[in-house]
Amino acid sequence: MAKVYMAIPHMKTPSILDREVKRGSAEMLILALIEDRPRHGYEIAKLIEQRSDGVLQFHVASLYPLLYRLEKRGLIQGHWVERPSQRRRRFYKLTKAGQEILKEHRRTWKAFFAALDRVAGINPA
Amino acid sequence: MHDWKNEIREALLQLSLRPVREAEIVEELGQHLEDRYEDLLLQGYAEEEAVQKTLSEFRQNEMIRDLRGLERTYLEPVELGQEPRSSQTAGLWQDLRYAFRMLLSQFGVSLIVIITMGLGIGVNTTIFSSVELLAFRPFDFPNQERLVSVFEQQRETGIVRGSVAPGNFADWREQNQTFEDLVAIKSSYFDLANASQPERLPGHFVSTGFFNTLGTPAALGRTFSAEDNAPGRNHIVVLSDGLWRTRFGADPQIVGRSVKLNEDTYTVVGVMPKDFRYPVGDGQLWAPLVPDPSDRSRRDHILQVVGLPRSGVSLTQANEDLNRIAVSLQSEYPDTNRGREVRVAPLVKDATRGVRVAVPFMFISVFLVLLVACANVANVLLVRAAARQRDIAIRLALGASRGRVMRQLFAHSLLLSGFGGCVGLVLAYLGVKALRTMPQDFSMFIPGWSKMGIDQTALAFTVAVSVLTGILCGLIPALIGTRVELNQLLKDDGPSVLGKSSSRATRWLVISEVAFSVILLAGAGTLFRSFQQLLHADFGIEATNVLTMQLSLSGERYAAAPSRHNFADALIGKVSALQGVTGVGLASTVPLGYSYNRREVARIGSTVFADDRRPFVTFRTITPRYLEAIGTPLRQGRAFTEQDREGTPGVALVNEAFSKQFMAGRQVIGENLVLNNGQRYEVVGLLANVINDDMDERADAEVYVPYAQEPVRDMFLVTRSDYTSDALVQAIRGEVSAVDPSVPVFKVKPLQQYVDERLSAKKMAAYSLAVGALIALLLAAVGIYSVVAYSVTQRTHEIGLRIALGASSGDILKLVVGTGLRLVLIGGAIGLAGALVLTQLLSGLLVGVSARDPFTLAVIISILAAVSLLACYLPARRAMKLDPLNALRYQ
Chain D
1 MAKVYMAIPH MKTPSILDRE VKRGSAEMLI LALIEDRPRH GYEIAKLIEQ RSDGVLQFHV
61 ASLYPLLYRL EKRGLIQGHW VERPSQRRRR FYKLTKAGQE ILKEHRRTWK AFFAALDRVA
121 GINPA
Chain Z
126 MHDWKNEIRE ALLQLSLRPV REAEIVEELG QHLEDRYEDL LLQGYAEEEA VQKTLSEFRQ
186 NEMIRDLRGL ERTYLEPVEL GQEPRSSQTA GLWQDLRYAF RMLLSQFGVS LIVIITMGLG
246 IGVNTTIFSS VELLAFRPFD FPNQERLVSV FEQQRETGIV RGSVAPGNFA DWREQNQTFE
306 DLVAIKSSYF DLANASQPER LPGHFVSTGF FNTLGTPAAL GRTFSAEDNA PGRNHIVVLS
366 DGLWRTRFGA DPQIVGRSVK LNEDTYTVVG VMPKDFRYPV GDGQLWAPLV PDPSDRSRRD
426 HILQVVGLPR SGVSLTQANE DLNRIAVSLQ SEYPDTNRGR EVRVAPLVKD ATRGVRVAVP
486 FMFISVFLVL LVACANVANV LLVRAAARQR DIAIRLALGA SRGRVMRQLF AHSLLLSGFG
546 GCVGLVLAYL GVKALRTMPQ DFSMFIPGWS KMGIDQTALA FTVAVSVLTG ILCGLIPALI
606 GTRVELNQLL KDDGPSVLGK SSSRATRWLV ISEVAFSVIL LAGAGTLFRS FQQLLHADFG
666 IEATNVLTMQ LSLSGERYAA APSRHNFADA LIGKVSALQG VTGVGLASTV PLGYSYNRRE
726 VARIGSTVFA DDRRPFVTFR TITPRYLEAI GTPLRQGRAF TEQDREGTPG VALVNEAFSK
786 QFMAGRQVIG ENLVLNNGQR YEVVGLLANV INDDMDERAD AEVYVPYAQE PVRDMFLVTR
846 SDYTSDALVQ AIRGEVSAVD PSVPVFKVKP LQQYVDERLS AKKMAAYSLA VGALIALLLA
906 AVGIYSVVAY SVTQRTHEIG LRIALGASSG DILKLVVGTG LRLVLIGGAI GLAGALVLTQ
966 LLSGLLVGVS ARDPFTLAVI ISILAAVSLL ACYLPARRAM KLDPLNALRY Q
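Chains as they are written, first to last, in our numbering: chain D, 1 to 125; chain Z, 126 to 1016.
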């Protein structure tokens, strides 16, 4: 199974659509993963890889700029958490604005896949 | 284990992030890489492989590209060795913010500094705003810069500001070639008819070109024009704003209304603006002075003349032009015009001559106060700078330039002086307000007084003085505070030490404070003594409980002398009968009463004076009990009696000044004198001198003649009583009305008020100087205290050691007080030397006291000694109470 890298690593001149789609989907994945509870960066990357059975991978170089961007846009909020006998880690949680955007993303992707299905018979489920 | 953090840190270096942010990212990413590495190990990778794989996933370039633009950069690259311009302005702003924080963090000290500066700036602004206005632009006339006052001048008699005779004025006006216009003013009284009692108003007859020459139009209606000279058209009048408001209820329909003046009907044609007050004084209305071609009289000098020279004509040219005419008049009319020249002076300069005398002296005194304030503040700031020396040293060591640090210290002092300026402005506002409370009867003779206030010029001055203060106060701390021996300072474990130069500067600042205060104290003391002498000086009158009022017998009814005499008799009879009245008299003028009457003396005994050499004497007609009423003592002979009447031989009283001037060594009583009216008088008594005009002038030679022999129309009623009250004034007014209801009573004023008014300018000068000197003394005391107190803190360790080694309280007292007193002695000596020079400036203002009055100097030295001892004693007492154990531990 071919692996899909999120974001724009190896292509020299990625098309804008490609870039947007990748970034948009990556954004949605992150927001979705911290919807239930706050998670730290490595956990997010690991979950994406596990849940997609290794199809989607997020490396440190693309994950953190994206996290910082989301934080700057106010969609997620990071804070340092210290636990006994553990290193302190930065956990990210979804903000109100993040929840709204996540809903919006889900709607768009649903409509997108429905359209693909209608045209090309791709059933996402 | 691999050092992930180092990899990340190096990658991030090119982003120049803020240190805190960089540390966060390094930590977060470091953990991620560590987690990934451990996972890879668990998955069975060899250590080296795991490292390589982890690193390959950390694609730096890609990450840096994404982070750039997302994370804020901390610093633009700075070219080493010089500061970019933009950062200099940013630095200025930073300096101010820093200064503001410093100001707040030492709020108490800042407040003292601001108040000190405020005092210094406040007195300067007060004096500046009043003096600048009074001395340089007292009027509002558009033409005030060009206008000139024209006088007759007679070198022989020393008259330089002589009034002008109508005949001479007419000739000047017709023959001059340098003036656009010459206008004449004749001051007079106008009886304004009133339903109950007529009102007597001071006013002026003026040439019809008067208002145009000054350049001031009417606020309502119009002023005069040349057509108003025509017969039948000249019964018109222009009112002052004050009269229009008080007497006519500010009636907007006033123009065109008729009023009855001097029993004639006049039409009001205009009302002048509120601040128009010219000629200076209390004039309430202006009527046309119609030139009478037949009146070429040259004997009575009754006109005040103002001229507007043509543009481009210099003062000298105008002067020469009029003198050319004067010379021809001298030969044409030798009787009247012998020696009579013309003097042309700039109007503003002439009107402000009294104020200008005091200007340099006032500025010196307030500037001294400012200097003392600055020295004090500089002292406080220097001590502060010394306390921050370690700070400053470290900054200098880290590469801050000395200029940069100095700028910061300056920003601090400028900020303080800015606030000081605000305080000063408030004080100046109050100060000017206090000045304006001076009695109006006096101040109306000072042009511009009513306009005094804080205006734009004063604001600009305040800003300038504040900046100057900021620079003066900041200069020494900035220069000395930044001269730091870094090694020395960092090695030293003790409390921050004032460097040698800074403690020397502190001492000199205190010495200069003391010196300036002594100069001011000496000035104020001398002036004060002089003022005290004046208060107790012999004016030749007894002013307590004496009431004066003016009466005027105008109109046909009093044309004949007997009618005036009868009125006087009847009035004196009635007023004497009032309860509490102990003396009543009438006189043509009273001492200090702002009106004078002078006559030429033609002959005294066998001495006959040539026509053009006749001396002037002050002339007064009085009723017999006037002397009693006003309190002028009779030295020899007799006073007038009821028997000295019309038809009896002419008699006169002369004063001691007259006797000294004309009859030195001769018997006065029984001597004969002839005045210029040809009337012969026998001197029957010798009176004490009285002071008629300014108190510091010597007494005039005077001649008194009986009212009964020369009854005048305008007179003062002088009433001495057990007490003065409004009821008494009403009772006297009632008696005047009872004798003749048409006679106006005006200017009701206690004699003491005339004295007070004459004293008020000197009183003001003495008090303002005293206030300045007290402020300076107080500031100097604070300065001495702060220096001595600081030195006690510095020497705590040493004092403790001395006490431990057996020094007594007395020894410590001597040690500490000695430190302060040495400074006071040096400062005092310098100050005294300065005072001896500077008080010479005052000699013109002094009466009965020498500019080097030893008594004053002795008092000043005692005051200074007492204040300085107190200022030194307070810190000394603290030093004496030191516990040696604590003191030795004190670092």
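By construction, these hints were calculated from the structure, which means they are not laboratory data. Note that the structure is a prediction, hence the values are computed from the model and not measured. Every residue, glycine too, gets a C-beta built ideally from N, C-alpha and C. Fair warning: there could be bad hints in the mix.
Unchecked claim - From chain D, some residues computed to sit far from chain Z (all C-beta separations above 12 Å):
{"hint": "1", "residue": "33"}
{"hint": "2", "residue": "59"}
{"hint": "3", "residue": "78"}
To be verified - Pair by pair, the computed Cβ-Cβ distance ranges are:
{"hint": "4", "chain 1": "Z", "residue 1": "551", "chain 2": "D", "residue 2": "74", "range": "30 to 36 Å"}
{"hint": "5", "chain 1": "Z", "residue 1": "221", "chain 2": "D", "residue 2": "51", "range": "37 to 43 Å"}
{"hint": "6", "chain 1": "Z", "residue 1": "233", "chain 2": "D", "residue 2": "74", "range": "43 to 49 Å"}
Structure-based check of each hint:
1. Distance check on residue 33 of chain D: its Cβ is at least 15 Å (rounded) from any Cβ of chain Z, clearing the 12 Å threshold; non-interface status holds.
2. Consistency note on residue 59 of chain D: stated as away from chain Z, yet its beta-carbon is not over 12 Å from all of that chain's, at 4 Å minimum.
3. With a least beta-carbon separation of about 8 Å from chain Z, residue 78 of chain D fails to lie farther than 12 Å from that chain, contradicting its non-interface assignment.
4. As the Cβ distance of residue 551 of chain Z to residue 74 of chain D is approximately 49 Å, the hint placing it in 30 to 36 Å is violated.
5. The hinted range of 37 to 43 Å is not satisfied by residue 221 of chain Z and residue 51 of chain D, whose Cβ atoms lie roughly 57 Å apart.
6. The hinted window of 43 to 49 Å between residue 233 of chain Z and residue 74 of chain D holds, with their beta carbons roughly 45 Å apart.
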